[in-house]
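Residues per chain are reported as follows:
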Amino acid sequence: MALRNLGTTALMGAAFAVCAMGASAETLRWASTTDPQTMDPHAVNSAPVLSFLNNIYEGLVRRGKDMSIEPSLATSWEPLEGENGWRFTLREGVTFQDGSAFTAEDVLFSYQRASDEAADVRSWFAPVTDVRVVDEFTIDFVTNAPNPLFPDSIANFMILDKDWAEGNDAALPARDAENFATMNVNGTGPFTLAGRDPGVRTVLVPHEGWWDEAEHNVTEGVFTPIGNAATGLAALLSGEIDFIQPIPLQDVAQVEGREGFRVLEGEETRVIMFGFGHEHDTLLYSTDVTDVNPFQDPRVRLAAAHALDIDSIDRVLFRGKIEAASQLVPAGISGYSEANSDRPAYDPDRARALLAEAGYPDGFSFGLKCTNDRYINDEALCRAAASMFAAVGLNAELSTGPVRDYWPQLREDDFDMYLLGWSPGTFDMEHPIRFLMHSQDDEARLGSWNFGNYSNARVDELLPMIQQEIDPAARQAMIDEVVAITQEEVAYIPLYTQPLIWAAKDNVDLTQRADNFFMLRWVTVN
Amino acid sequence: MRDWLKRYEPVWLFVHSPAAIVAAVIAIAIIFGAVFAPWIAQVDPYDLSSFSLFDGLLPPVWEDGANPKYLLGTDDQGRDMISSILYGARLSLVIGISALTIAAVLGVGLGLAAGFYGGRFDAVVMRIADVQLALPAILTALLIDGIARGVLPASVQQDVRVAVLTLAIALSLWVNFARTARASTFVQMQKEYVQAAIMMGQRPVRIMFVHILPNILGPLLVIMTVDLASAILLEATLSFLGIGLPADSPSLGTLIRIGMQFLLSGEWWILWIPTLFLVALVVSINILGDFLRDVFNPRLR
Amino acid sequence: MLVIKDLAVKFPSRFGDVTAIADVDMEIRPGEIHGLVGESGAGKSTVGAAVIGLLSQPGYIAGGEITLGETDLRALSPEAAHRIRGDRISMIFQDPQTSLNPLMTIEDQLVETIQAHSDATHSQAVTRAVDLLEEIGIKNAASRIKAYPHQFSGGMRQRVVIALAICTDPELIIADEPTTALDVAVQSQVLALIQRLARERQIAFMLITHDIGVIAQVADRVTVMRKGRVMETGETQQVLGAPDHPYTQALMDAVPPLDVKIDRFRVPEEAPIAGEGPTGNVAEAWLLEGQRSEMLGLTLDHLTVQFAAPRTSLFRTPAPYVALDDVSLTVRPGTIMGLVGESGSGKSTLAKAITGLVSPTSGTMQLGGDDLPYGKTRGRRHPSRQLIQMVFQDPYSSLNSRHTIADILEEPLWFYGFVSDARERRRLAAAMLELVGMAPEAIDKYPHQFSGGQRQRVAVARALLARPRFLICDEPTSALDVSIQAEILNLLKDLQSTFGLSVLFISHNLSVVRQMADDTAVLRAGRIEEVGPTEDLYEAPQADYTRELLALTPVMPKAWRRAG
Amino acid sequence: MVYFILKRLVQSVFVMLAVAFLAFSLFRFVGDPISQMTGVETTVADQERLREDLGLNDPFVVQFYRFTTDMLQGDFGFSYRTRQPVADMIADRIPATLELGVVALIISLIVGIPAGVYTALRPRGVLTQGILLTTLVGVSIPTFVIGIMLIFIFGVQLGWLPTFGRNGTVQIGGWESSLFTVQGWRSLILPAVTLGVYQLTLTMRLVRAEMMEVMRSDYIRFGMARGVPMGRLHYRHALANTMVPVITIIGLQFGGVIAFSIVTESVFQWPGMGLLFLESIRFVDIPVMGVYLVVIAFFFVLVNLIVDLLYVAIDPRLRVKDL
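Residue numbers (the UniProt record's numbering), protein chains in the order written: chain A, 1 to 526; chain B, 1 to 301; chain C, 1 to 564; chain D, 1 to 323.
No lab work stands behind these hints: they were computed from the structure. Incorrect hints may appear among the rest.
[Stated by the list, open to error] Using 27 Å as the maximum straight-line C-alpha spacing, the simulated DSS-like pairs for lysine-lysine come out as follows:
no., chain 1, residue 1, chain 2, residue 2
1, A, Lys505, A, Lys65
2, A, Lys505, A, Lys321
3, C, Lys10, C, Lys227
4, B, Lys191, C, Lys376
5, B, Lys191, C, Lys445
[Claimed, not checked] Only some residues are given here: those of chain B computed to face chain C with a beta carbon under 7 Å:
no., residue
6, Ser52
7, Glu192
8, Met199
Where a beta carbon is used, it is the ideal one built from N, C-alpha and C, also for glycine.
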């Protein structure tokens with residue numbers, strides 16, 4: 001069958017094509033599924049944009065290869081005496097890409113710009129009450145309460161040059177029509193923009209006057225978005241691009257099978273989980289139980305957890321690439337509760353027993369809502385889970401849809417059980433607690449993604465204490481308690497951490513970071 | 001038997017053209033398989049409990065590592081390919097045929113009236129046709145999908161997806177019927193039997209549907225077969241663009257979309273078997289369509 | 001010199017080989033015009049096609065010889081045959097509208113033909129073409145040659161077709177119904193041209209036609225064919241004047257004479273006689289019972305019909321096309337009024353105005369004393385829609401081919417509410433069929449199973465089933481063969497006299513109108529040229545136009561006709 | 001002639017208004033743009049404020065009135081996603097789609113017409129049956145499968161042609177064209193062939209049907225009777241008359257080309273309007289979707305007008321009035 005070997009033969013043709021491409025010295029051509037919408041660091045708080053702009057702009061602090069916080073534009077920082085907040089001493093002799101000097105004024109201006117109503121990233125500065133310039137290279141951030149994690153939470157807060165922004169009337173992120181900062185950049189980072197054709201091609205070239213010494217040998221970085229996964233892979237295998245993030249899970253074996261290419265597999269910090277409608281008093285989609293919501297009974301929720309066999313999902317759907325998850329953050333993230341690191345085992349009999357105990361011996365039907373274009377194999381996972389639930393009597397009526405309609409439906413409580421993936425923005429356990437476990441409280445901007453409105457007084461009480469606790473041991477004890485409560489009450493069913501799969505040519509060394517950010521400055525093309 | 005065969009010419013022509021026979025055999029076999037899928041297929045792919053994940057990604061029986069229980073292998077969910085295809089073809093045919101009927105009723109009705117009344121009414125119908133042609137099929141599908149989601153209550157939405165898709169496809173096909181019906185009606189309007197009916201004072205509706213319609217069925221029938229093929233293809237394209245049917249009640253188009261993800265990962269059969277099946281179905285329908293056009297086109301004889 | 005010896009042509013079909021023509025013999029000397037006459041289906045066109053080698057698929061020459069001069073046409077290779085076509089043998093088709101390529105100028109089509117058979121340069125070919133056009137009577141040919149076919153009138157276009165046929169001065173020209181689509185005046189000019197070419201250029205003409213008048217006027221010798229066989233051949237005067245084969249005699253009797261009125265056509269013996277048979281008179285009784293006492297005449301005065309011409313520019317509204325201009329006409333009750341005129345004279349528009357298909361711009365119409373409203377304002381249930389019925393020209397399009405004869409005939413019965421019971425309706429329809437001379441069993445068949453003549457009988461039956469008082473016949477027989485035409489005309493005469501119908505008989509054929517009509521009106525370009533009793537009009541025409549029409553109609557010389 | 005054009009223009013304005021109204025009135029059901037525009041941590045209050053600023057809470061009629069009046073003044077609004085003026089976004093993308101569509105159409109004509117003529121003149125030939133079958137198979141495989149197949153065969157296996165994107169373009173006064181460089185053509189071939197396959201089958205079958213019809217006409221038989229060489233008869237006479245009806249149908253099919261270009265562009269990552277439209281659907285970028293539709297309607301109407309004018313130009317019966 002000619003069509004069959006289409007997929008598996010070795011690529012003499014492709015290898016040959018690489019040289020034919022006439023790659024100039026150390027150009028890196030890479031692709032991803034989505035194009036960063038804008039070049040304005042404060043306009044949009046989304047991973048693709050922040051990841052790309054981290055190559056151009058820099059924050060006071062930055063994350064190292066192992067996700068730890070290290071000095072960047074701030075050389076050091078200490079808590080303020082006498083009031084809550086932090087003092088940052090800035091690095092001297094740093095210049096922006098247009099040559100102007102970097103001073104505290106620029107940091108203050110960037111703070112005012114980033115916390116303005118027009119900026120989508122203003123939620124990072126919720127705890128900040130005041131910012132004071134002490135001298136040309138020191139600046140204080142005053143917070144409304146002790147905030148040990150504040151430096152970590154502003155790793156993506158990028159600094160603009162005040163005169164450049166005001167000079168090109170881009171003092172605020174574009175409210176409606178684009179302004180100068182949407183298409184042009186002036187950061188302190190390792191690279192600057194050499195060409196921008198939105199949605200088609202974006203070119204980065206090294207910034208000569210960068211304060212840090214360059215580990216990379218890239219002379220030109222060309223980024224092109226490729227929406228269709230199969231086309232992207234073809235582009236890599238045909239040698240037209242050097243690196244692509246991500247590639248479909250099922251094609252890993254293929255790429256590894258071809259010499260000249262390799263695959264980088266890691267764990268993304270995103271945990272995939274099922275959530276319940278804790279606050280719903282009836283099931284919306286059930287055909288047999290319409291007067292009460294069985295999922296309000298923790299035993300039913302535990303039964304659902306026991307019905308899922310993560311190992312077989314791993315083997316068949318993810319080809320052994322995922323890690324089972326016991327809580328809402330993966331292992332290794334600060335605040336991970338080692339004490340509660342085991343998850344409910346796959347035990348269909350125990351699940352049926354629990355259901356019977358809860359009064360549903362032959363189970364019931366309910367509506368399971370999932371996305372079909374947001375997480376890796378999201379639709380396939382939901383179908384697999386639905387068939388596992390059905391095995392124990394929980395008849396799931398599956399409805400999948402594009403993510404553009406998904407969040408509004410969840411906000412209108414249009415589900416019985418729903419699929420959710422969560423990646424902690426601050427890479428700390430406090431983040432999911434603040435957004436997913438704390439009961440919904442709009443003014444305080446808490447629990448905004450807790451769609452089922454799970455609420456536990458003790459958890460609500462512990463959150464502010466965790467946020468202000470300086471002593472790490474005490475903080476971890478409180479976090480362990482929260483994780484224990486939510487596990488015991490099965491607030492969510494954490495399933496697994498999503499695999500992070502990049503593919504590149506052999507002659508490209510690069511570092512894969514857990515937050516799926518691609519740093520051009522760690523790349524060497526040999 | 002011989003003279004009956006001879007006397008009724010289309011049948012005689014059919015018996016003597018091998019292509020039409022082969023096409024008819026394939027089409028009937030597929031339609032038979034689709035209609036009787038529940039009894040033929042081993043597994044009901046729509047019932048989630050009837051298959052398990054562990055049988056996922058099994059190759060066809062002539063490949064190594066295959067499970068004889070699944071002759072043509074299984075897809076990523078462990079569904080038997082043959083059953084999925086039969087059920088998928090059934091859904092595709094249901095959508096295709098119902099979309100076609102709606103398009104035919106709407107198109108022929110408007111086309112006949114436009115041809116009969118002519119003048120301003122004809123111009124209005126043709127402009128509506130222009131608007132419909134200017135809206136790409138994907139957008140029609142998207143908009144109807146959006147309306148259904150906005151208007152209908154949440155619980156009903158899932159099983160109304162098929163109706164939404166059918167309506168969307170029908171809306172993008174009715175223009176062909178309208179244009180052909182209109183052109184044929186203009187020809188018939190010159191004929192004296194129509195003038196006689198008008199002179200008698202018969203109601204326009206009766207003239208259109210009792211007198212004119214039987215005489216313009218020939219060309220419409222040909223469009224019917226050609227558009228059935230494009231309706232099925234359109235359903236496949238829409239599901240590729242993410243607007244088609246949900247993955248748990250696959251049509252042929254959805255199966256192909258799922259198959260696309262495994263194109264390079266070695267599981268070639270998930271894509272190519274449904275695609276070859278679709279090609280066989282569409283080609284045979286088209287060949288029958290061509291045959292019908294030659295038979296019903298008086299001038300060709 | 002063309003010689004054909006027992007030529008046979010066969011058409012394979014699923015019923016085995018059908019013999020179209022067999023043992024046909026014929027000789028045509030240079031300069032001779034040899035008429036080939038016969039009714040439709042006689043195979044005359046097949047002979048012409050066989051000679052020039054253009055038999056329509058899948059026909060083939062099964063036997064016999066065709067020699068032109070010394071060359072045996074059947075022995076030629078396809079390429080050689082193609083070279084001869086246009087060079088030594090040419091052909092003229094019936095309809096000038098479709099014989100010329102609409103997208104090419106006359107010059108291109110002439111030049112390409114000339115250059116196909118001679119090595120003339122382009123300019124030489126053009127000058128030759130211009131001379132040719134002048135020779136066949138096209139004025140200022142030099143400028144007209146650059147025009148497109150649609151810019152010529154029917155007659156002009158046929159002249160161009162003839163020029164194309166003779167531009168390579170062929171030995172033989174096969175003219176297949178060359179003048180059938182033309183008006184009388186233009187027909188005679190084209191026939192005269194053919195005679196002149198035969199004489200001056202010594203071209204042998206095979207003139208294929210069904211019109212015996214044309215044969216009489218032009219042909220030197222004639223061959224009569226029927227059902228693929230030659231009945232008789234010889235000098236025209238001898239064959240037409242004193243035919244010795246009964247079929248030829250029957251054919252001659254069926255031709256309506258122009259110069260004398262005969263009360264009924266002598267119809268060949270096998271034609272069915274109208275009105276006999278038991279069920280026939282059931283229909284007759286039903287019609288008579290429905291007949292109200294008085295007969296209805298029709299009066300039109302100052303009737304004008306105008307059609308808006310298509311707008312070509314925003315500012316000037318173009319002058320409307322005047323189809324009927326101030327027409328006043330009266331059809332006396334119980335009589336037949338003939339209406340004669342050439343194509344484009346407005347005959348059909350008049351019929352459509354009366355029946356309401358077209359709304360006049362001014363003038364009034366009365367039917368038997370009551371006012372007849374215009375089409376627009378005439379309600380669907382207005383009594384005139386039942387009282388006035390019409391028989392159309394083309395039998396193939398006046399009956400709905402998807403309905404059975406029963407459906408067609410029963411429609412007026414239930415529509416006008418005459419008979420509510422279905423079985424009764426069916427019995428009456430079958431009876432009417434017999435009244436018009438057809439077998440009652442035909443009721444369950446479809447129109448395509450009948451000949452042209454039979455279909456026209458069904459159309460008449462349908463008209464009668466509406467119990468009309470006024471019948472309009474728009475060219476009822478011009479699409480039929482002469483023999484069939486005679487039967488239908490006899491039928492119409494009998495029905496008119498039996499049921500006291502007032503009839504408006506429209507035709508372009510003056511001889512037919514003379515045999516049918518009590519009074520006659522001559523129409524030209526929408527205006528009445530002359531109206532009066534038929535005999536006065538034919539014997540002593542007042543208007544020059546009428547005289548000219550009578551003179552130009554090809555007709556058999558009086559001397560040839562058998563006595564009585 | 002002038003009157004004819006004016007009448008068509010008035011009608012086309014109505015078509016475009018109808019398309020705009022239809023599209024705009026239904027966008028409200030296509031999803032919530034705000035949830036796409038804001039990040040994960042944006043609070044509900046901020047989202048409401050943004051919704052207010054964008055005027056999405058205004059009644060539908062007001063929104064539509066604003067949409068049309070702005071458009072008439074040439075202000076096409078800005079994209080919710082990239083904040084770029086929609087006019088620039090679409091203007092940048094028009095050359096890509098137009099060039100792809102036109103080249104696909106040309107391929108379908110260059111291959112379709114001769115194939116149609118051949119199959120018409122030799123209806124029973126083996127090659128004819130072969131051509132008919134292969135083109136039929138070609139049109140039975142969904143466009144995206146054909147696209148991916150071509151990418152893998154020519155891009156990955158053989159490596160002759162690029163697998164995605166549109167490079168080698170040359171800027172000629174605001175029009176970015178890929179027709180003037182070898183690299184430009186190399187990246188254009190595969191998408192154009194994918195888009196062209198459907199058109200090609202259509203054109204071929206149309207030409208075949210019309211040609212067989214014309215071959216039976218009287219003027220062809222008269223041409224045969226005049227001994228006009230067969231070649232001239234087939235091409236000068238028959239083909240010219242075949243083109244008249246074929247051109248109108250091809251004009252109508254241009255709508256199909258636009259629809260299928262959406263799929264082709266998404267498979268080949270071809271930076272045309274189709275891809276932009278697809279991305280704006282995923283992102284519920286209403287202004288871009290609205291303007292795209294009106295532009296497509298405009299192209300469609302324009303093509304119809306051109307086809308009608310071509311019709312008159314080719315057919316002298318319409319062009320030259322009687323002498």
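Now for the hints, and whether the structure bears them out:
| no. | hint | in the structure |
| --- | --- | --- |
| 1 | A:Lys505 with A:Lys65 | 21 Å, holds |
| 2 | A:Lys505 with A:Lys321 | 21 Å, holds |
| 3 | C:Lys10 with C:Lys227 | 13 Å, holds |
| 4 | B:Lys191 with C:Lys376 | 20 Å, holds |
| 5 | B:Lys191 with C:Lys445 | 21 Å, holds |
| 6 | Ser52 | 57 Å, violated |
| 7 | Glu192 | 4 Å, holds |
| 8 | Met199 | 5 Å, holds |
Of the numbered hints stated above, the single one contradicted by the structure is hint 6.
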